[in-house]
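Just so you know, the sequences run in chain order A and B. Residue 1 is where the first sequence starts when you use my numbering, and the numbers rise one by one after that. Residue 1 is where the second sequence starts when you use my numbering, and the numbers rise one by one after that.
I should point out that these hints are in silico values taken from the structure, not numbers from a laboratory. Nothing here was measured: the structure is a model prediction, and the numbers come from that model. All C-beta atoms, glycine included, are put in the ideal place defined by N, C-alpha and C. It cannot be assumed that every hint is accurate.
In silico SDA-like pairs for lysine to any residue, Cα to Cα no more than 25 Å straight-line [what the hints assert, rightly or not]:
(1) K711/A x D555/A
(2) K27/B x Q566/A
(3) K570/A x E125/B
(4) K570/A x K73/B
(5) K544/A x E19/B
(6) K73/B x A530/A
Cβ pair distances, simulated, as ranges [what the hints assert, rightly or not]:
(7) K659/A x Y110/B: 37 to 47 Å
(8) A606/A x Y110/B: 50 to 60 Å
(9) Y110/B x K570/A: 21 to 31 Å
(10) I118/B x E680/A: 23 to 33 Å
(11) V607/A x I118/B: 37 to 47 Å
(12) L605/A x I118/B: 53 to 63 Å
(13) L586/A x G51/B: 44 to 54 Å
Going by beta-carbon spacing under 10 Å, a handful of chain B positions derived as facing chain A [stated by the list, open to error]:
(14) N32
(15) N33
(16) Q101
Single-letter residue listing:
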Amino acid sequence: MEDTQRALYESIINYSDDAIFSKTLDGTITSWNKGAEVIFGYTSDEIVGQNISALIPMVRINEELEIIGKIRKGELVRHYETERIRKDGRTVNISLTVSPLKDKNGVINGASGIARESEKKYYNLFHNYPVPTWVIDQDTFKFLDVNKAAVAHYGYSYDEFLSMTAVDIRPHDEKKRFINLDRSKDHFGARGLWKHIRKDGTIINVEISLDNIIFDGRPCSLIVAQDITEKTEAEDQLKHATFRLQQAQSIAHIGSWELNFATGIRVLSDESCRIYGLSVKENILSTQDFLSFVHPDDLDEVIRNIIDSQASFGTVAVSYRIIRKDGTIRHIYSQSEIELNAEGKPVDQYGIVHDVTEQNLALEQNLQTQQRYKQVVENILDGLMIDDPNGKVLFANDQFLKLFGLERRDLNGLVLEDYIAPEFRPVLRDRHNRRVAGEDVPDMFEYQGLRKDGSSIWLEVRVCKVFENGAVIGTQSAIRDITDRKKAEEELSKFYQLLEQKVKDRTIQLEALNHELESFSYSVAHDLRAPLRIINGYSEILKKDYGNKLDAEADRLINVIVTNTQRMGKLIDEILNLARLGRKELAKQSTDMNSLVRTVIAEQLAVFGKPVQFDVANLPGAICDNTLIRQVWSNLLSNAIKYSGKQEHQSVIISSSKKDDYVVYSVQDNGVGFDMAYSEKLFGVFQRLHKQSEFEGTGVGLALVERIVTKHGGKIWAESEEGKGATFYFSLPIMLPA
Amino acid sequence: MIDQQVDILLIEDNPDEAELAIRSLKKSNLANNLVHIDDGAEALDFIFAKGKYAGNTAQSRPRLILLDLNLPKIGGLEILKQIKANDHTRMIPVVVLTSSQEQRDVIESYKLGVNSYIVKPVNFESFSRAISELKMYWLVLNQPPV
Chain A
1 MEDTQRALYE SIINYSDDAI FSKTLDGTIT SWNKGAEVIF GYTSDEIVGQ NISALIPMVR
61 INEELEIIGK IRKGELVRHY ETERIRKDGR TVNISLTVSP LKDKNGVING ASGIARESEK
121 KYYNLFHNYP VPTWVIDQDT FKFLDVNKAA VAHYGYSYDE FLSMTAVDIR PHDEKKRFIN
181 LDRSKDHFGA RGLWKHIRKD GTIINVEISL DNIIFDGRPC SLIVAQDITE KTEAEDQLKH
241 ATFRLQQAQS IAHIGSWELN FATGIRVLSD ESCRIYGLSV KENILSTQDF LSFVHPDDLD
301 EVIRNIIDSQ ASFGTVAVSY RIIRKDGTIR HIYSQSEIEL NAEGKPVDQY GIVHDVTEQN
361 LALEQNLQTQ QRYKQVVENI LDGLMIDDPN GKVLFANDQF LKLFGLERRD LNGLVLEDYI
421 APEFRPVLRD RHNRRVAGED VPDMFEYQGL RKDGSSIWLE VRVCKVFENG AVIGTQSAIR
481 DITDRKKAEE ELSKFYQLLE QKVKDRTIQL EALNHELESF SYSVAHDLRA PLRIINGYSE
541 ILKKDYGNKL DAEADRLINV IVTNTQRMGK LIDEILNLAR LGRKELAKQS TDMNSLVRTV
601 IAEQLAVFGK PVQFDVANLP GAICDNTLIR QVWSNLLSNA IKYSGKQEHQ SVIISSSKKD
661 DYVVYSVQDN GVGFDMAYSE KLFGVFQRLH KQSEFEGTGV GLALVERIVT KHGGKIWAES
721 EEGKGATFYF SLPIMLPA
Chain B
1 MIDQQVDILL IEDNPDEAEL AIRSLKKSNL ANNLVHIDDG AEALDFIFAK GKYAGNTAQS
61 RPRLILLDLN LPKIGGLEIL KQIKANDHTR MIPVVVLTSS QEQRDVIESY KLGVNSYIVK
121 PVNFESFSRA ISELKMYWLV LNQPPV
């Protein structure tokens, strides 16, 4: 019977779906049925003899100690919900019942365990459900079970939860509300929004879902607590973002709109309303309403855009003008996208509108400015040209084309060098290369250009570098037709050459004249004096050899002849002096005027042979040709002596003064003087103010003096009154010794 | 051909001038052997014993030459140059007697080695005195190399 019973039990054990196993008190596994093999993955051979701890997760080791403790005391552990680790590493949730095994003597020596993967799905669902979920006793509000999400989210451990009630997780002000809930009918009043407090003290907003269940045979509530704090915040943020969007729209003058194709209704954002000149409440427009704002000239464009946008399904843009109710015109840029439904049909159109009035006006102005520049470039008289580093012409204005007789189509690939006379090409090419290499090269150049028809023109070009991002990308030339100027210059040059030739010719003629004059002077000196001397000589011989045969009248006549030949001789000498002076170069040197004047006075007194009172002041020196200045003094002093010769007491005063940059010397006598009315004649050649019978003279002396002084850059003048003496002045420039 | 001692050779183309000069020279009785030649080329022939004077002896070389500058054919400066370039004639004193005061004539004459340069005064008395004095000086007072 015992064996039969045993076999039966063994059979039941072996074919049970439950895992049935036995172990010693120290945990060594002693038996292992088929069910255990399925649930834990180990075969009987593999696991028997091993310790049970191989199956227990580290966190549940204490659990096992508790269980063994109960077993030792002979207690039963029933439907203990726990988890174990399979051979393949996976966790398996089991419901465990453990009972003590006794030997024949009734001593507990091991334990048998029955493990069932019981309610596994629900357990998993509960514990792994991502939202905090728990079960509370409806009478005590005690937590009976809580899932992982609750532990994770609230910060209390599983055990802490189980020691608490649902009241404990509520902040003070909500505790009362929770306790006072009317639970007479059901417990659904606890549904809805609540505030919970987490272990760290933070308060969260939760939305409670609740159902009534029976747990462990007791009426309980299954609670799902959805934390909506972030959702609330997100809603707040959304509100905030919407506000900000509106602000941004307002600032950027960008509005948005939505168009529903089914209804044809267009909803405008606040800023869109402002752009269209509408109040915020007038934000709903029919297509008809919308089109009534569009500027008539742009209406076709806008309608075409609406049609296009519905056909293209892509992003479309359009620029148009609107006329607001108050008549102001605004420039609008609009861009929109189509939203399609699940069947791929367009449902909505979302778009933005941008008020670009100011930008457009600025752009227009810019265009006008550009237009103005363009006009300047085209109307300027210079040919303007931009070329690249290879000399290829990139741009040229009309004037440039005109200069070279080109058509605009000729510009394609044109290189300026082809239109430059060959002799100028090397220089221009060299400069161009150096300029685009960044060197500073003379920017002006004149060269001969070749027109398309082969004719040549003179051009003046001013070149500058064209930069882009700091690099030379070409050059810009302003080219001017200077053919006329060149012609004028050439003519002028010819004229100068002619003039120079004429001057040369004249100089040669003058030199010839000078030469003739010298020959003439020579002849005068030599050939005129000889006959004079002969007349004089023979008159003298006549007088001497035949003196006793001539009467007094004949003697007088001979004397007249002799006197006149002598006067003529003197005249010739003085004229020669005068002529010679013209040719003579001044030999200037520093001259001591005091000693010069002393010498001249001595000479004159010796010639004159009568006492004359000389008062001589201290005279400043001068830089002059002292041979010639000596002649000046001789003339002036001899004149002073001569013209004062009839005075009983002859007096000559010599002094000097400084006037500006000149020294003025003066010679004053107490002679007969002259009438100032004739003072102009004083210095003329052969001009005399006195009769020959009164005072001897040729009329050449003062003329010679005037020439000498003038040649020195000075002046000569005289002051006098008839009968009251005369004063002669001459000035010499004060010069530093060379 | 002249083989007697010539005191003065007067080279002057103007006969009237020459007469006045000769008259003045003859006032003093000293050294009265005077030869007058009125042509430059002939003067050179005389001095260098050429042409019609080929037979001139060394004795006929003048002790003093009075030379006018303005002469036909061969000018006075050319004659002076030849005299002073020749070893035999270089020692003969040559006095230029001329109407020209031109500096270039004076300078050129001195460069060629003239012994005196006299500008003839227009006044006959002065002229006459000057002639007498220069004759006295060169023929009597002056000691030429032997």
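Comparing the hints with the structure gives:
1. K711/A x D555/A: Between K711/A and D555/A the Cα gap is close to 46 Å, so the pair fails against 25 Å, i.e. violated.
2. K27/B x Q566/A: The hint holds at about 23 Å.
3. K570/A x E125/B: The hint holds at about 15 Å.
4. K570/A x K73/B: violated, 30 Å
5. K544/A x E19/B: holds, 16 Å
6. K73/B x A530/A: Holds. K73/B to A530/A sits at ~19 Å (cutoff 25 Å).
7. K659/A x Y110/B: 37 to 47 Å: holds, 44 Å
8. A606/A x Y110/B: 50 to 60 Å: violated, 28 Å
9. Y110/B x K570/A: 21 to 31 Å: holds, 26 Å
10. I118/B x E680/A: 23 to 33 Å: At 41 Å between Cβs, range violated.
11. V607/A x I118/B: 37 to 47 Å: The hinted range 37 to 47 Å is violated for V607/A and I118/B, with Cβ atoms some 22 Å apart.
12. L605/A x I118/B: 53 to 63 Å: violated, 28 Å
13. L586/A x G51/B: 44 to 54 Å: holds, 49 Å
14. N32: violated, 19 Å
15. N33: violated, 23 Å
16. Q101: Holds: closest Cβ of chain A sits about 6 Å from Q101/B, inside 10 Å.
The structure shown violates the earlier hints numbered 1, 4, 8, 10, 11, 12, 14 and 15.
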